[in-house]
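Asks: Sequence:
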Amino acid sequence: MSEIKVDSGVRPKIGILDSGAGGLTVLAALIKSNKAYDYYYFADDAFAPYGSLSIDKIQQRVLSICDFLIDKGVTSLVIACNTATLEVIHLVRSCPKVIEKNILIVGIEPAIKPASLLDYQGVVCVLATPITCQSNRLQALINHASLNRVSQSSRYHCIASEVLANAIDALPGSGSRVDLELQRIRAIMAELDSRILVLACTHYPLIKSMFEGLFDYPVQILEPSDAVARRVIDCLPSMHLGGHESLSVSLYSSGDNQMESRLCTWLAVLLGESLYQRLSLAGESHLTLD
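Each residue of the sequence shown is one higher than the one before, counting from 1057 in our numbering.
Fair warning: there could be bad hints in the mix.
The list that follows gives simulated cross-link-like pairs (lysine-lysine, DSS-like), each with its CA atoms no further than 30 Å apart [said to hold, decoys possible]:
1) K1128 to K1153
2) K1113 to K1088
3) K1153 to K1264
4) K1157 to K1264
5) K1069 to K1113
6) K1091 to K1128
7) K1157 to K1128
8) K1264 to K1169
9) K1113 to K1157
10) K1069 to K1264
11) K1153 to K1069
12) K1069 to K1128
13) K1113 to K1091
14) K1169 to K1128
15) K1153 to K1113
16) K1091 to K1169
17) K1091 to K1157
18) K1088 to K1128
Listed next, with one range per pair, are the computed distances between beta-carbon atoms [claimed, not checked]:
19) S1110 to P1170: 40 to 48 Å
20) D1175 to I1155: 39 to 47 Å
21) E1301 to R1242: 25 to 33 Å
22) S1232 to Y1273: 21 to 29 Å
23) A1092 to P1152: 25 to 33 Å
24) N1313 to R1242: 51 to 59 Å
25) H1213 to E1268: 35 to 43 Å
26) H1213 to I1155: 16 to 24 Å
27) C1291 to R1240: 33 to 41 Å
Keep in mind that the hints were calculated from the coordinates and are not lab data.
Where is the CB? At the ideal position from N, CA and C, for every residue including glycine.
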């Protein structure tokens, strides 16, 4: 990936989008890098989950949000949603505004390759939305990984969840739905005797601790948020944050004010209170972008 041309004296502006709170895992990884960047996060929760929408609708929503974030002045865009990356990133990269402004576009994909590099003999479970499980791109990633994996005796099994991403966005009121779905996932993995779980939706790492407490035997859990953050940072000027300098984070939502509050709550959990307090937060809700 080539480096984007950014004035080294200007703080880069990074736009991140997802159907809900899941992309905050990528935002948190970027913030933890201690770089002097400004962040613009869009949660399209009024249309969540993307996995239940038609491909045409997903493309319409993502392109509209990218246009909104570009108008905010972002120099980089992270599509922090597996479904959106699979179905829309090629269209985003061909947008006239993206080409004209030389905007860096980074997507997110399931951590299939890291799983293939593990010396593991058994079933690798990939937890994803139905549309991701059915995608040609996921199958291509698995086929490629199968040819290059360390252990030729391992295989992949996709677990489709229609409810988990949306239920995570609705926490804490949806705790029982989350628990039921986690027990279903646990039963499938136990039957397959799987010891590796790839979280192929950015929402799932928000409850990584719940996955870790789900098993009474060791299970390795893989998710790509840190790798995506590194890809973005590698393409931008290295501008370190001063000891008392605040970080500007703008949170946008297509839903109501409660979603904005939930985004702040999740961000505080992911960052820890001391780092969260260094953020200069702004927000706006009910953005339909029709």
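Asks: Enumerate the violated hints, using their earlier numbering and listing them in ascending order.
Replies: Structure breaks hints 2, 3, 4, 13, 14, 19, 21, 24, 25, 26.
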